[in-house]
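Asks: All chains, full assembly: derive it from the sequences and hints.
Top to bottom, those sequences are chains A and B.
Per the numbering used here, the first sequence runs over residues 8 to 367.
Per the numbering used here, the second sequence runs over residues 19 to 168.
Be aware that a few hints might be false.
Reference listing, derived: stretches of chain A covered by chain B, where coverage requires no fewer than 3 residues with Cβ under 8 angstroms from a Cβ of chain B [said to hold, decoys possible]: (1) 37–45; (2) 151–164; (3) 360–366.
If the Cβ cut is set under 10 angstroms, some of the chain B residues that face chain A in the computed set are [said to hold, decoys possible]: (4) Leu-103; (5) Lys-119; (6) Ser-120.
None of these hints come from the bench; they were simulated from the model.
Just so you know, even glycine gets a beta-carbon here, dropped at the ideal spot from N, CA and C.
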Amino acid sequence: MFEDFLTNQESWLNYEGDAGDIVFSSRVRLARNFSQYPFPFRASKSKKESVLAKMKEVYCTVDALKESIFVQMQDLNDLDRQFLLERHLISKEHLSSLGGKGLIVSKDERIAIMINEEDHLRMQMLTFGFDLEQCWRKLDDVDTQLSRKIDFAFMPDLGYLTVCPTNLGTAMRVSCMLRLPALVLTKRINKILELLAKISFTVRGLFGEGTAAYGDLFQISNQVCLGIPEREVIENLSAVVNQIREQEIEARQALLKKQKLEVEDGVWRALGILRNCRLINTKEALSHLSMLSLGLDLGIIKNIVESDGPAENSGQADRARLSNLFMIIQPAHLQKIEGKMLKEKERDYIRAGIIRERLK
Amino acid sequence: MLCNVCNKNTATVHLTEIIKDKIVELHICQNCAKVKTQELTNELTKTQKKEDSLKCSFCGLTYAEFVRKCRLGCRGCYGIFKMELIHLLEKVHGSHRYAGKSPVSISPESAGQIEIEELKVKMAQVVSRENYEEAAGLRDKIEKLKSKGN
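Replies: Okay, structure coming up:
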């Protein structure tokens, strides 16, 4: 299942268009619960199945979900579930206690709704680059259309009711994934992370916590969602993201001024390894891909792949190609591409092969 | 110094109490101190019993479970545990007033209905604590909302 995700040209993850520079992607997530059923951790199997049944009945009445797929998590195999996790369509929590858990994914993979995760519904919209406004507008529309068919648990003075009081209110989490290689290289990243924690924003690495960030990717999200309207949640995060963007730009200029040779060396070494290695693990691959992306952004490398189009577009095409590589070198993706389960060394071999192929 | 309570025996125990934001110092004898300790223990037991008996009738979540796991089990829990929640919300969010959108299915009439139900729950809790003055205030609020709805 999901093999067509890899080749679907409408999927934003395969789209080789406007890949973000520093802001890699944006996401808005809403939590909603049904009024008439206990929340998932207190619900019996039959109550959870009622939630699933209701969602199955109503989802295709929502415009943006007309061509979506609807699956039950227990019907999928391990590889497919891992694949969904790698594509940011489900959370780690959705991989365990599968009974009653479901998922709806739109054709372009931008909208995903987890059913019976921590809350009855966890809806999200994802997009390339820095566009929280679009994410919110489209997800808001989905939410409004669903609320015509479902009685959401809500109290006028507390807002949307959730399992965890930290999610109460707008029940909205807004986040951006940022690429911050210069801040990492100049060792300014720690101060930024400390500051963010002080003003109630959480930061996580792509696959890990804190500064153990693979590929220099950091996800920044809001913590507060009660007491302020949705628009303000977005404005607050946008302001923070803009400030960090400026810090990254400053750090890149500082690198060019003071460590130009070292950075050039790092970039060309990264390209050399990626174009020639025979075995490479995810962590190392992401590290070199990030270095290569930085090289493109700083103009150290003019173009990586020969393109038939006009020269000014080749930088954009290269950036999009690298962004796509970030996604497909992950373990479940490789196995999906090969169509079979692979051991670790086999994956490292296939990964190296795919990278050489795409960067020659 | 003579005991502040009985005015008979010598004060050997010195107690500081906070009553309605005021710091009150009491100097009392051994006997009166024993009585005071018993009063305090009774009050604490009463509070504990009330908290133990708080339970959501819809999903069965108890107050103890809510405190331990910091999770609510259903729509009904929010009515039952609302007062206890408010303090927590201010800690986490710095506020407990909602300022965002409302679901389309919530009309002003049904919003009012929900508020009436919640006030009824609150009134029952307050009556069980024999706080009849507060209960009367809540009853008046309910009547006002009912007449607004009509």
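Asks: If a hint holds in the structure, say so; if it does not, say that too.
Replies: Hints, verified against the model:
Coverage of the region 37–45 of chain A by chain B holds. Counting CB-CB distances below 8 angstroms, 5 residues qualify, and the rule asks for three or more. Figure legend: the region 151–164 of chain A, annotated as covered by chain B; annotation consistent (11 residues with Cβ-Cβ distances under 8 angstroms, at least 3 required). Counting residues of the region 360–366 of chain A whose CB lies closer than 8 angstroms to any CB of chain B gives 0, so the stated coverage by that chain is violated, three being the minimum. Evaluation of the B/Leu-103 hint against chain A yields a held restraint, the C-beta minimum of about 6 angstroms falling below 10 angstroms.
Given the 10 angstroms rule on beta carbons, the hint for B/Lys-119 holds: about 6 angstroms separates it from the nearest Cβ of chain A. A least Cβ separation of about 7 angstroms between B/Ser-120 and chain A falls short of the 10 angstroms threshold, and the interface hint therefore holds.
Violation of the numbered hints given earlier is confined to hint 3; every other hint is satisfied by the structure.
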